[in-house]
Amino acid sequence: MMQFLRLPILNLRFIPVWQRNFLVWRKLAIPSILGNLADPAFYMLGLGYGLGGLLPEVGGVPYLTFLAAGTVCYSTMNSATFEVLYSGFSRMHVQKTWEAILNAPLTLDDVMLGELVWAISKSLLSGLAILAIVWALGLAGLGQTLWLIPLIILIGFCFAGMGLVMNALSPNYDFFMYYFTLVITPMVLLCGVFYPVDQLPAWLQAVSAWLPLTHAIELARPLVQGGMPQQIFAHILALLAYGGVGYYIALVLTRRRLLK
Amino acid sequence: MPLLNIRNLRKSYGGLEVVAGLDIAVARGECFGLLGPNGAGKTTTLRLALGLTAPDGGEIAMLGLPVPAEAREARMRIGVVPQMDNLDPDFSARENLLIYGRYFGLKDAEIAARIPALLEFAGLSHRADARIEALSGGMKRRLTLARALINDPDLIFLDEPTTGLDPQARHMMWQWLRRLLTQGKTIVLTTHFMEEAERLCDRVAIMDHGKIIATGSPHELIRNHIEPQVVEVYGEGMAGWMAAHSRAFCERVEKVGETVFCYTHDSKDLLPHLHDRSDLRYLNRPASLEDVFLKLTGRDLRD
Numbered sequence: 001m002m003q004f005l006r007l008p009i010l011n012l013r014f015i016p017v018w019q020r021n022f023l024v025w026r027k028l029a030i031p032s033i034l035g036n037l038a039d040p041a042f043y044m045l046g047l048g049y050g051l052g053g054l055l056p057e058v059g060g061v062p063y064l065t066f067l068a069a070g071t072v073c074y075s076t077m078n079s080a081t082f083e084v085l086y087s088g089f090s091r092m093h094v095q096k097t098w099e100a101i102l103n104a105p106l107t108l109d110d111v112m113l114g115e116l117v118w119a120i121s122k123s124l125l126s127g128l129a130i131l132a133i134v135w136a137l138g139l140a141g142l143g144q145t146l147w148l149i150p151l152i153i154l155i156g157f158c159f160a161g162m163g164l165v166m167n168a169l170s171p172n173y174d175f176f177m178y179y180f181t182l183v184i185t186p187m188v189l190l191c192g193v194f195y196p197v198d199q200l201p202a203w204l205q206a207v208s209a210w211l212p213l214t215h216a217i218e219l220a221r222p223l224v225q226g227g228m229p230q231q232i233f234a235h236i237l238a239l240l241a242y243g244g245v246g247y248y249i250a251l252v253l254t255r256r257r258l259l260k
Numbered sequence: 001m002p003l004l005n006i007r008n009l010r011k012s013y014g015g016l017e018v019v020a021g022l023d024i025a026v027a028r029g030e031c032f033g034l035l036g037p038n039g040a041g042k043t044t045t046l047r048l049a050l051g052l053t054a055p056d057g058g059e060i061a062m063l064g065l066p067v068p069a070e071a072r073e074a075r076m077r078i079g080v081v082p083q084m085d086n087l088d089p090d091f092s093a094r095e096n097l098l099i100y101g102r103y104f105g106l107k108d109a110e111i112a113a114r115i116p117a118l119l120e121f122a123g124l125s126h127r128a129d130a131r132i133e134a135l136s137g138g139m140k141r142r143l144t145l146a147r148a149l150i151n152d153p154d155l156i157f158l159d160e161p162t163t164g165l166d167p168q169a170r171h172m173m174w175q176w177l178r179r180l181l182t183q184g185k186t187i188v189l190t191t192h193f194m195e196e197a198e199r200l201c202d203r204v205a206i207m208d209h210g211k212i213i214a215t216g217s218p219h220e221l222i223r224n225h226i227e228p229q230v231v232e233v234y235g236e237g238m239a240g241w242m243a244a245h246s247r248a249f250c251e252r253v254e255k256v257g258e259t260v261f262c263y264t265h266d267s268k269d270l271l272p273h274l275h276d277r278s279d280l281r282y283l284n285r286p287a288s289l290e291d292v293f294l295k296l297t298g299r300d301l302r303d
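Chains as they are written, first to last, in this note's numbering: chain A, 1 to 260; chain V, 1 to 303.
Simulated from the structure, these hints should not be mistaken for laboratory data. In this text, a Cβ means the ideal position worked out from N, Cα and C, and glycines have one as well. Check the hints yourself; a few may be wrong.
Computed from the model, here is a short list of chain V residues facing chain A with C-beta under 10 Å [said to hold, decoys possible]:
| id | residue |
| --- | --- |
| 1 | D88 |
| 2 | P89 |
| 3 | L98 |
| 4 | N151 |
DSS-like cross-link-like pairs, simulated, lysine-lysine; straight-line CA separation at most 25 Å [said to hold, decoys possible]:
| id | chain 1 | residue 1 | chain 2 | residue 2 |
| --- | --- | --- | --- | --- |
| 5 | A | K260 | V | K211 |
| 6 | V | K295 | V | K211 |
| 7 | A | K27 | V | K107 |
Let's have the full structure, built from the sequences with the hints guiding it.
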């Protein structure tokens with residue numbers, strides 16, 4: 001057991017693993033981009049205009065602008081999560097791609113790091129696409145929203161790290177439904193994507209405060225609206241902790257799964 | 001110095017000792033066959049040798065490097081053909097080789113220069129851009145072998161290389177492996193096809209319950225463990241004949257299902273005797289590695 005507990009080894013050997021995933025993605029880029037982007041974009045535009053027309057300002061801005069910050073965050077979260085859950089599981093368990101790589105001079109730590117960085121890369125694209133819509137519609141200026149780019153990377157890291165734990169534990173694809181139903185969907189509804197968290201009863205607000213997506217949105221929303229986030233370091237630390245602890249647990253569990 | 005040297009290797013899973021004190025030494029240029037029934041510990045032994053799992057005891061040196069401590073470095077000079085094909089289904093044959101070469105830190109230009117010869121070797125030059133799902137089982141197996149050669153390895157591990165192949169494809173695979181041996185490569189393969197081991201291997205080890213129970217060249221094993229002639233007797237009179245006559249003609253008799261296996265140094269008295277019996281049919285053949293294998297590992301089914 002001790003051998004499985006050692007800290008992650010971070011080595012540039014992960015790059016060919018990343019390149020492999022990138023090459024597959026490039027072949028399917030158009031459907032992949034559409035699938036990743038169309039859904040959150042339509043939610044944002046449909047709800048933003050449709051529902052927003054019925055509402056006065058939300059949080060001091062038009063509803064569409066309010067929604068934009070949440071959509072950037074949850075689109076990034078979804079993209080990173082899907083990548084490490086379904087696609088990662090295909091590569092690890094179904095296609096045995098990881099097994100083939102491990103026969104070459106790479107280690108499981110290299111493969112997992114490659115998957116982590118790949119999921120961050122893919123979710124960066126999803127986050128940027130929503131950001132591009134925000135810019136195109138003139139919902140926010142370029143200047144302050146540039147800070148959203150490192151934030152999107154941090155959100156991708158957070159949810160890729162957490163999702164890899166599920167990948168390590170999963171016997172099959174059906175298992176991921178638990179994670180979506182019990183973790184991802186509550187986060188979308190409790191963390192302030194669609195409405196301010198302070199609309200919720202106190203006990204739900206207390207739950208919300210512990211969820212990583214809340215911290216992401218607490219940072220993103222002021223940036224979109226041209227303000228300065230509060231408690232920046234606490235939020236960054238929360239996202240780093242969820243991602244970092246998640247990645248470490250995932251690595252230990254995956255070592256135990258594949259190297260026993 | 002042996003290219004692969006394993007001393008007193010041990011590995012348990014949940015109290016069951018799957019590898020129970022194993023010694024193997026494979027010399028450069030040799031083809032070494034690890035034979036055993038299902039569950040004998042062959043695949044676990046390969047995983048241990050590659051450093052993919054840590055042993056509970058014993059020592060492994062591969063290409064002079066200690067495993068698992070420097071397994072990654074050792075794998076730079078190793079090729080592996082796994083039991084189940086795990087080619088990348090999203091890529092063409094050529095792309096599979098390119099992607100795999102990158103895992104060895106090879107430059108794209110260097111890999112690209114090696115690919116034509118490897119595709120040629122695998123007889124896949126005309127299918128270079130075919131998707132994996134469009135290839136036959138034999139083609140996939142050959143591509144997996146070509147992939148294992150992308151780093152020009154010194155030592156190649158093959159885990160049941162011809163399981164699931166039709167006879168034509170199997171003979172082709174043997175031809176390819178012999179060609180690698182003539183190029184000076186060292187091969188370690190696991191198989192439960194005795195004919196495969198007999199044809200290809202300089203030396204084999206028969207493994208059961210995590211231990212080596214016999215080792216030597218196929219000819220040595222046949223000479224040392226079994227009578228040289230086998231007469232298989234079957235037909236409706238088999239049971240009566242076995243009870244009445246088999247002791248007189250055979251040094252050792254085994255009954256498996258509806259067939260009596262009669263092992264002897266000399267079958268010249270037995271054959272005319274059998275020839276006169278219209279209720280029996282028979283087949284006389286030289287003893288093979290399979291007879292040794294079945295004698296040593298028993299005839300019980302393994303699952």
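Hint check:
no. : hint            : result
1   : D88             : 6 Å, holds
2   : P89             : 6 Å, holds
3   : L98             : 9 Å, holds
4   : N151            : 8 Å, holds
5   : A:K260 - V:K211 : 20 Å, holds
6   : V:K295 - V:K211 : 16 Å, holds
7   : A:K27 - V:K107  : 22 Å, holds
In the structure shown, no violation is registered for any of the earlier numbered hints.
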